[in-house]
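Engineer: Here is what each chain is made of, one letter per residue.
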Amino acid sequence: MSDEQTLRSSELSAELGERLRTPFDAVLSDPSRLRIQAALHGLAPSGSIRFTALARALHLSDGNLSSHLAALCEVGYATSSSTFTGKRRTRWYSATAAGRAAFEAHVGALQLIVDSSRMAPPDNDERDQI
Amino acid sequence: MLRGTKYMDSVSSSRPLERIRFSRYARGVSYELDRAEASLREIGALADRTRRASRSMATGFPLIGWGAAWTAGYAALDLLDGVVRIAVVVLAWVFAMLMSWMPLRAVIRTGVESRMRWAWMAVMVASPFLVAAGQPASMVHLALLLGALWGMAMCLYAITAHDTVFAVVAMFGVVVAGIAGIQEAVPALLLFGLASGLTMLALGIYRVIVGLRHV
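Residue numbers (my numbering), protein chains in the order written: chain A, 1 to 130; chain B, 1001 to 1215.
Hints in this document: simulated from the structure, not taken from any laboratory.
Since this is a predicted model, take the numbers as computed values, not measurements.
A virtual CB, placed ideally from N, CA and C, is assigned to each residue, including glycine.
Keep in mind that the hints are not guaranteed to be accurate.
Unchecked claim - Partial pick of chain A residues on the chain B-facing surface, computed with a CB cut under 7 Å:
1) 42
2) 50
3) 109
With the rest of the complex left out, here is chain B:
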């Protein structure tokens, strides 16, 4: 604008010269506008970059942990027997818990990590009481009920965090638990573990890669 003012002040009465000067003025204004637009785009991209990185670091490793745990754990419940089955389920759970602690070492914090741990503690403590209240008909339905409950907890967290993709993936797990419980074509726990677990695992891996790339 300053450049334009300078040109306007120096406009002479000669029409051709005036047109040439206006052309320069217009180019100057256009150049400034382009720079302003580029600056606005960069600002938007920067805010988006930290937003994505923050989201990826808060959920990436936990999603990998729980996705792998559900895939291996629920598949083991259907395919294995005895001590091996218990060992795989316990190992899967321990792996998921360890991965859930990873965001504490991230370079970006959401500021709600402590409250999140308490919320998950509440979900875990509530689980046996909900099972007792619901009295599932079999061990398969009990496992599906717990999977759906934890999926619902993840979905509620994702909604409060404005994390649409995570909310959809978590809700998908709840829906799959319901479908697995009523169908008989495929082993229910295997279906639930693979469908919901692999979806979470894929999202987690994607987010970890994105998080590392952005910050």
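This is chain A alone, in the form it adopts within the complex:
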């Protein structure tokens, strides 16, 4: 292994170790919540999306989506508002700044682990030790 590779590997290991000291976001560890947060993350910073459109985009049932959105709103990762057209109520959902930061950190940590695993396959000696 060259010096450059060794240096890069050690830098990566340090970063990976640092990330692993902080556990993944517990709320976003649920795949459905992560998908919902991803969909909200794609909106403009002050943008919002209708509940029905979100359910259609994610292929989730209303009940399922509602319970996950409630969990995200409870921890402050998403926020909701309502508008009325006559008596008809429309619910809008958007990502908060805290939700955006948590999503980016969670995805970043996932990506780092995947990248580092791909970059450093076990060599023959390590296999034998296992």
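Mind docking chain B on chain A? Use the hints.
Structural biologist: Same frame as chain A, now just chain B:
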């Protein structure tokens, strides 16, 4: 990883068996990695999907409106006369204004719709004052100046919204207005209306189709 740990714990001292178990462990880790990568790809695609849909819904119908209005309106200014010309221009403007209200009924909001309306109001109010200050040499140059001004306003909005394609299309309109003003080969307003109007119209139609497909 959990699966790998289980295999590591159960490794025996027998070398062939160890290799078989490692192979299973490696396949397990690889499978988990593949799943993680697929998940990351899906997350990226979802965020991209709502980003595109949001952009399409905010700009699709207004682009269709203003693209059609510029194409018909500027062409009418060059090709028609009298009352018919005024009627076409007014109808084109009304159509564009109506299409500009469409994003309010969209299923995705940018959250800046109200501020956008005020910004456009400022551009419209400023237009006659800019014309008075610039004193264009003819009606053709006046129409081109207004087209360039509104194109520039669209370009600035697109830049603040990180909408590169819209920014390029809007800036293209400004450049065409400048070129149309100095060339004499083609009727200036017709050239400007067709070149910039049809470009906006095409982008608007594409975005409406994309917006409908994504959400």
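Engineer: Against each hint, give a clear statement of whether it holds in the structure.
Structural biologist: Consistency of the hints with the structure:
no. : hint : in the structure
1   : 42   : 3 Å, holds
2   : 50   : 4 Å, holds
3   : 109  : 11 Å, violated
Checked against the numbered hints above, the structure breaks only hint 3 and satisfies the rest.
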